[in-house]
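Let chain A serve as the given structure and place chain Z on it in line with the hints.
So the chains spell out like this:
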Amino acid sequence: MSSIRVLVGTRKGAFVLTSDGKREKWDVSGPHFGGWEIYHLKGSPADPNRLYASQSSTWFGQVIHRSDDGGTTWETVGNEFIYEGVPGTHQWYDGTQHPWEFKRVWHLEPAQTDPNTVYAGVEDAALFRSADGGQTWQELPGLREVKGHLWAPGAGGMGLHTIVLDPGNPERMFIAISAAGAFRSQDGGETWGPINNGLKSPHEIPDPQAEVGHCVHRIAMHPSRPSTLFMQKHWDVLRTDDAGDVWREVSGNLPSDFGFVIDVHAHEPETIYVVPIKSDSEHYPPDGKLRVYRSRTGGDEWEALAKGLPQQDCYVNVLREAMAVDRLDPCGIYFGTTGGQVYASADSGDSWLPIVRDLPAVLSVEVQTLP
Amino acid sequence: MIRVILPAHLRNLTRVQGEVALAVTAPVTQRTILDALEARYPQLRGTIRDHGTQERRAYLRFFACKQDLSLDDPDSPLPEAVASGAEPFRIVGAMAGG
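Protein chains in written order, with our numbering: chain A, 135 to 505; chain Z, 30 to 127.
Hints are computed from structural coordinates only; laboratory data are not their basis.
Possibly wrong hints are sitting among the right ones.
Unchecked claim - To give an idea of the interface, some chain Z residues facing chain A are shown, with a C-beta separation under 10 Å as derived from the structure: (1) Ala37; (2) His38; (3) Asn41; (4) Thr43; (5) Asp79; (6) His80; (7) Gly81; (8) Ala87; (9) Leu89.
Each residue gets a CB set at the ideal place from its N, CA and C atoms; glycine is no exception.
Here chain A stands alone, though its shape is the one from the complex:
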C-alpha cells in the first residue's frame, strides 16, 4: 500500500508527517533543525528519499541540508550563493537603485530525473542550480537580465519563491518573483522572458502594459498539461493555456481574490484549489472562517469547502508555499497555517481534519506519495 510523507517547514524547525494510504493516523517527527526557520523542504521525484531543506536564521544566515533516508538523518551541504559577475542593482522601496544582496533560499526544486540536480530560488531574487547534490551552486544569471533593475521587493522581501519544471520538456521552466512577476525559460534556464501579459495590477503598477513588477504569489501546473498554468497573484486568480503568453482572470465568485496558495488536483487537471484571504493588509480569512475554495472548471466558478475547518474566530494566514496535493485516489489536499495547524483532506477537499494543531507558524508544505 502507498504511504504519504508530508514535509512541513515552519518558523522554528521542520516536521515530517507520515501516514499510510488511508491518511487517517499520522506520525509526527520533529522538530528537525529546531529554532531555525525552514522556508522550504522538498523531495526528489527521481529518488523520494533524497530531500533538500532550506534552513536559515537572522543570526547564522543560510544553511542547506540534504537527507538520503527520507528525513531521518541530514547532512549539511553547500551554502555559498554568489551572484554571477557584478550583481548590479534593483529598485528599492523609495524608487532608488539598491545593490543585489543574498539573504536566504525561499524554494528548493529538485530536478525531475536527477536527484543531484536541484534549483534554488533565493532572495534577493535569483535562480541557482546545483548539479552535485547541493554541494556547490551556480547562478543562472540570464533571469536577472530581464529588466532586473525594475524589480522591487514586496513586503516580505524580493524572493524567487516559485519554480515549476515542465515534466515533459526539461528545457522549459517557469518561475515567479515578488514583486517582479512570472518568467519562462525554454533553454534550461539560460535565457528568460517575462510572461505577464494579461496581469492587471492597477493599485500597484499604473502602467497596464508593464512587463515586470507584478506581485505573483504562486503558480501551479498539472503535469499532464504543462502549458496550462494557474496563478494566485497578490490580487486575482488567473490561468493561461499557452504557457504564459496570455493570462486571463478566473477569480469568478471567490469571496476575495487575494491569497497566496494555489494547487491542482492530482487527477483532474481542471480542478484547482485556493484559500481566499480577506485583503493584503489583513492577511486572514474573510469573516473569520477558514475555507478552501475549489473550482472544477479551471476557475470562474468556485465552491467553498468548509467541512472540518474552523468556521468562527479563525484569523490565520496560509502562506504561498503551504499547500500541496498527493497522488493517491481520491486525491489528498494539504495546507498549513500561520497558526501552526496542518489540515489534510483525503477526499479531494470535501472534508478536512488537522494532522497537527500546534506547530510553529507553517511556512511550507510538500507531499510525497511513496510506493
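Below, chain Z alone, put in the same frame as chain A:
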C-alpha cells in the same frame, strides 16, 4: 590549544558537545581562530562570517576575558589568556529577534 565556545545552534550544526579545541598558528586573532574553526567544520562557513566579505554576521558577537571584542580589528592579537588557552573565545548569538 585555543578553546572556542559555540552558540547552541552552531553546536547542533557541527554536532559538537562542549568546547572546541583548536590548534592555531600564531598570531592568535579572530581571523586565525575562525579560519581554523571553519577548516575543521566546513559547515560553519557563512554562518559566522559572510562568505564574500568575511565580515562578522550582524547578530553574532565575540567575547573573551569578560570583554566584547566584536568591533576589534579581526587581525589584532587576542588577549594572551585566549592564546594560551586559559580563557575561551566565545561566539555568542545576540539577544535579538524571536
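Hints, one by one, checked against the model:
| no. | hint | verdict |
| --- | --- | --- |
| 1 | Ala37 | holds, 8 Å |
| 2 | His38 | holds, 6 Å |
| 3 | Asn41 | holds, 8 Å |
| 4 | Thr43 | holds, 9 Å |
| 5 | Asp79 | holds, 8 Å |
| 6 | His80 | holds, 5 Å |
| 7 | Gly81 | holds, 7 Å |
| 8 | Ala87 | holds, 8 Å |
| 9 | Leu89 | holds, 6 Å |
Checked against the numbered hints given earlier, this structure breaks none of them.
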